[in-house]
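Participant: Combine the two chains into a complex, taking the hints into account.
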Amino acid sequence: MKRRALRPELLFFERNPRRVRRQGVLLPPLDVPVVDPAAVLPAGLLRPPDPDYPDLGELEVVQHFHRLSQLNYAVDEGLYPLGSCTMKYNPRVNELTARFPGFADIHPLQPASQVQGALRLIWELEEALKAITGLAGVTLQPAAGAHGELTGMLMIRRALEARGDARRVVLVPDSAHGTNPATAAFAGYEALELPSAADGTVDLAALERAMDASVAALMLTVPNTLGVFEHRITEISRLVHDRGGFIYMDGANLNSFVGRALPGLMGADAMHINLHKTFSTPHGGGGPGAGPVAVSPALLPHLPTPRVVREGSSFALLWDDPASIGPMRGFYGNFLILVRALTYIWSLGGDGLRAMSEVAVLYANLVRHRLAGAYHLAYDAPSMHEVVFDDSLQVRHEVHNTDIAKRLLDYGFHPPTVSFPLIVHGALMIEPGESVAPEEVEAFCDAMLAIAAECEAEPEFVRSAPHDTPVRRVDEVRAARNLKVRWTPEDVKR
Amino acid sequence: MHPWVGAGLEDRRDILAELGLSSIDELFASIPAAVSIDRLELPPARDEESIKLALAKLSTANLSMDCAPCFLGAGVYRHLRPAVVDAVLSRAEFFTSYTPYQPEISQGTLQVIFEFQTLITRLTGLGVANASLYDGATAFVEAVLFAHRVLRGKRDLAVVAETVHPMYRRVLATYAGAAGIEVVVVPPGADGRLDPQAVRAAAGDRACCVALQSPNFLGIVEDLPALAAAAHEAGALAVEVVTEAVSLGLLAGGGAFGFDVVCGEAQSFGVAPGFGGPHLGFFACAEKQVRQLPGRLVGETVDSEGRRAFCLTLSTREQHIRRAKATSNICTNQGLMALAATVWLEAVGGRGLRELAASCLARSEELKRRIAALGGPWRLAYPASPSFNEFLLLGPGPGAELAARLARESVLAGVPSSLWGGSWPDGILVATTELNAAADLDALVAALGRLS
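Quick note, the sequences are listed as chains A and B, same order. Under my numbering, the first residue of the first sequence carries the number 4, and numbering increases by one thereafter. Under my numbering, the first residue of the second sequence carries the number 114, and numbering increases by one thereafter.
Keep in mind that the hints were calculated from the coordinates and are not lab data. Please note: incorrect hints may appear among the correct ones.
[Said to hold, decoys possible] Stretch-level coverage of chain B by chain A, calculated; a stretch enters the list once three of its residues show a Cβ under 8 Å from a Cβ in chain A:
1. 240-254
2. 349-361
[To be verified] To give an idea of the chain B side of the interface with chain A (calculated C-beta under 8 Å), a few residues:
3. Leu132
4. Arg235
5. Val297
6. Val334
7. Leu449
8. Leu564
Here the structure is a predicted model, which is why all the values come from computation and not from measurement. For each residue, glycine too, the CB sits at the ideal point set by N, CA and C.
Pulled out of the complex, with its shape left as it was, chain B reads as follows (with noise of 0.2 Å):
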């Protein structure tokens, strides 16, 4: 017997007894015997106290961000997270519900989704955004074939940014070879900028999209107008990745100038780091394409009452009903990932979102200075490049080896720039967020200067 099976044995017995029946296996008759098992091969059950201290001894083996200055980010970003999101996702009305397919007895997850889809277009520059999607890369691989689909197949060429998260590539990589699109990538310029007049020439008259993150994988704001044009010059649809949403706040989404797709990861927006997951991947595009969009879509309309009401929508671009057909394999959206960031964006507000950017902005911008006064083996990479809270440090070393001694320092410095390749220089990536107090500045020049 067991607390999460809701029946004891006295009422098996009952139950076997008005079916008719001696043996529950009875039940089971029509499994062969040549796949039946007698038990499992795992321990027995165990009580919560003794399930508590098994995971405690697990989580306490690991080093938490929160117990050195941690300048980690690479797509993965450690913000203030204030009680009252957790607060919301631990209502069981909210976590222990089903996907809303019955709107009269899910008005409340629906409306949270028709208000999430909102702040994702304001903050995008687009018409029109899903329910959310598995997470920033899968968000960016569905970009891509989004973009096939719109120009229906005919250019089956996606042109690339180098400086898109080289983990998002590797993963569109993995997609790509089905669905029969070729990907050329195209590598920074000096200035760790992606030049339009390169991506013009990579996607010569066959791409369906010309992709590029910003900021990028260094951390460099990109020049979107310029990068806009030269892929619709092309004949390509314009995609922006972001990875680190909080940018939003004070950079203009890829909509105003012109981009077709923005999308990418909203972590930032409340989600715990969770070593990689779940996270939750935002998409907007343009109402006009509306019906090519992936994901769960939530929309307006009325009850028999003619009382507001919401409910899914445009479910016929979907799986379980066009089957082979489908836009997209998604099934689920990363439901309670997009609360989250609907109750973090809300708490935060517009004008707190703007002044939360500025500071992570702030403080960045106060560790280049002191980076770049401290000299010595130390500098910045791009240093006359524009960024928002990240950038590429070079020191004595490769920057696996930097994190690792910078680590013994008490300083989770940040992410080694070359764990994946790439063109530029083997670095670390120092991410300052809002929760970078001074202090923490403090710690990792000195560490620096003791490494110098």
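In isolation and in its complexed conformation, chain A is listed as follows (with noise of 0.2 Å):
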């Protein structure tokens, strides 16, 4: 549980007020001449000395941060049930391998010869994946899910325009993540709202309607945000393709089916692969995550380059290819972070993966089967690896879903993903992934029962919630109407 703050952590610029010299990182010693730089650059160039940008010893620095850290939560102390977000057991071994030095000291611009193990590395990467989606080709450079929806949306953008055939629509179902619509929008297209039908899942007659000369794709996340597999996924698929459409599928939610279904089957023509998600890699406070992007054959020559290419027993990088969108950022991916999900695929195996998805359903239908009656489900189909539940039990008692949120804190967990999908008013979505043991998840459902009884017998202390946390609730209107983005000398003054 994280308890309330003993002293307050200063910032950084606050340490050292007199602004002595104290030293910081001792520097190699300089074996060669001086050089005065008003010498050798343009004097008007030069940064003047700043002050308040403060020198510390080595202690300090490690006790600030040590410090800091004790404010976060975190995956290795307790349950992570963020819904969509797939919030796994980051392991031990994938941190050392990736800090190999002939991973982690290696430059991307040293000649193909001198890098023959990272080559390697991405060219089994992406085998793993053309494995577990069972499609035909796979880039890694994405560095994050929205960002391998982009990639995605521009390979089929590319395919289309190769066929002389503009279209300016990409149908997006409302229960879809935020970021699918935004990334239409992004790749120069108008996103037009899907309905969904009543079980949560896409509705054929909708999109019979709506798929016409048009639309360029249906974005679509499998299962979808309901946690609902779409049980005709391949009428679906044939209906798009049919008319001239690709499918993108949003991988997000892949961690339900590994070893258990292909998207390849499927009818997807791409699909993002959140490593930070399914795979393991870890979500390091917001990034760096990766994105790969997984195609069909009829997007493989599109895919970005720089692209590794295999020439018989030796790799190499294939930089220029007319017919590929080009490079989405810079480099070949978060290599580090494909170093981490190679490790994670190889120590579990095919049989590993396949369990890792059966036990992250199980966990989520037990959760499900605990709560029932507590809490409303929002829809009443079988869920794979989340549940979906609202908060219209609670709010009898006027108690929303935030405030169970905030609650949640308090008995040492971290809360669901609130508020999404949005097509759930006052939702919690629920994800405890295949990691923890039972008892967690266990120990997870017995908080929230707590907090379902509280909410009837004493609302106002679950509104006022979280009481036992390093600070209390934090004013967020505040910060956006009073913005304070930095620190400045005048902060001291004040």
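Facilitator: Written out as structure tokens, the structure reads:
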């Protein structure tokens, strides 16, 4: 449990207030003649000394970050059941392999002959993801899920251009991730919302009406953001393909069916894979992630450059390819994240990955079973790896989903995703993941049940939560109204 | 059974029994048979020792930058990385946490980002910096899109110096088409520097931005005040790209000269070269344009008891809220890399950063002197132009061939300058940092002598 901070942690800029010289990192000795910067650089371009950028000793820096770290909740502390985010264990061996000097200390522009191991690693991970998705090709370049979406949509755009077919609309179900319509807009398309059927899946009749010659693609999350599998997926993709469109599959929820189903069989033309979800690379407090995209044969020619190509037993980089959409970012992807993902996939193997998805689905259904009745189930369809409740039973006591989330902090758990998906009012979206012991899932359920009882007995106590966290409820409205996004020397005088 | 899957076989049986099910397959009944499989075509599970050996075998097939005197740069630099940086990064409270959407239990990450934003504003000379972007190349793309938004899409031309990293320009080309932005490239003058008049002429009256890099791809420091003036005269935003962030230890950021955006790559601040990623992009702009800023932003506020606290703010710009009207496609920042940069900048310190940058400069100047003295086929492409820690070296043959020959002499002499083409001569970009001891310079100069 995160307890109240014993004393406030000063900002870096508030330390060493007398601004005296303290020794930071010791530099290698200057074993060449000293150069006066003003003698070789234009004097007007030089930076004047900054008295408000202090120097500290090493322990002061260590203590600063150590104390800050203790204000954070983390996967290593307890259940982190954020729906759609797949917070799982980040294996320690991943951290070890990613720090091998032969991976961490190589330069992306060394000649290919000096980096054969790195190129092979990229190729091996591509092959593994092809096996997992049943698709024809993979790019590891995208830096995150949304970046992968954009990569996929730009490939679809290029494929349509190549056949001289200008389309302007992308269909996005109303249950989709917010990133989907944003991506469609960035790829130069108009995003058109598709209403869901009563069970939360795609409404085939609505798709039938909307799917005309102006539609470039349907963006679809499988299973969808309610944790429900699109059971008519083959009919959906056949309809879209027959009318000249593409299927973009959002792979954010891949953790629910690895080893159980193949997107390639579902008719996906492009699908991003969040390595920081399904394949255990750390979320890092908000990145770096990695969002590889797997593609069908139709999009294969348009994969981003540079690409790793195998030539017999050696590997090379292909930088120029006129059919490609071009590079999506610098170099070849978040390589050290790729090292972690391959470590994970090779460690679990085919059967381990299948077991991973099975337990993820099992735990979500355990939560669904235990909380049924105490919380209102938004949709009754079968749940895969996550389950969506809403706060309609608690709103009667004027307690909302965000209050329940804050109260969970007092119980020592990270809350579920709240207020998403948008089609569920007051949503509580729970994804336990497969890594924890069953007792941790049960303890979370007990906390949720206790809070449901509190909502009836002492709703005000829930509304004013959290009570026992490093800081109490944070005023987010004030942050936006009185915008203060950096420290300034004037802060000291105030 | 596997240690990373929390439930054993008996646990599974017990849970299935509680759910009233006899087989786990029943939970997957909603997946149609036509798309289902029985098993994956992947090898079986492997134990930790075997995994370490397999990965070590791949890693030792690479030549690490520490194995030979190394002068590789061109956007990725080898600087000191004190042990304290990785020690902080290895704290599970930082690396196993999510985006700080719940501020009450995320003050650690949030305060770090606030400090990162402050450090970047001080280094760039601008009022606002975001929580980081994917990398330097995408930060540059975001800067062009930002300028296009600020001028409300009325100006659809981006004027870009050819000496902006050519790989960055290629990434821009990927995005520009879909955004409806035309890109015009301005080559450098004979001295390798960008001519403000050439910029002014290229911009005409429909440029949304003039973007340039300093120190540029050839290592040369640009005349920032004149270039900002040229951009503004054309009614365009002035964008500075920085790929060697350590240069900001000695050189003032473009904000001091009127640049509207200063962005780039901050890998030099304590992040491993890592074969190109993960690194971190940074992005700073004027306070008045904060609502067009891409990426996450942390603000200061108070909790319900009036104590200082931090939280993500202005998220209405972001796609999970704004959906199709978001300012950017970027969802994550490079949180852990921003942490690395913050620890590094705080451990090195303000005066330390100046001294570190001065050390890079001194070593680069010494190397230039010694190469000039060497004579023969080796010469500096732009001997009279000011540089920070990188310069273009010309020799007997094209750059890629020279780099390969020098590698056989056990020196990683630099990056070929024409990997992506360019109007400049084909040679090697030689980068020098505080880690290049005098003995490294001796080794490079001796190797050049042998190839004369």
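Participant: Evaluate each hint against the coordinates.
Facilitator: How the hints compare with the structure:
no., hint, in the structure
1, 240-254, "holds (count 10)"
2, 349-361, "violated (count 1)"
3, Leu132, "holds, 6 Å"
4, Arg235, "holds, 6 Å"
5, Val297, "violated, 18 Å"
6, Val334, "holds, 6 Å"
7, Leu449, "holds, 3 Å"
8, Leu564, "violated, 17 Å"
Hints 2, 5, 8, counting from the list given before, are not met by this structure.
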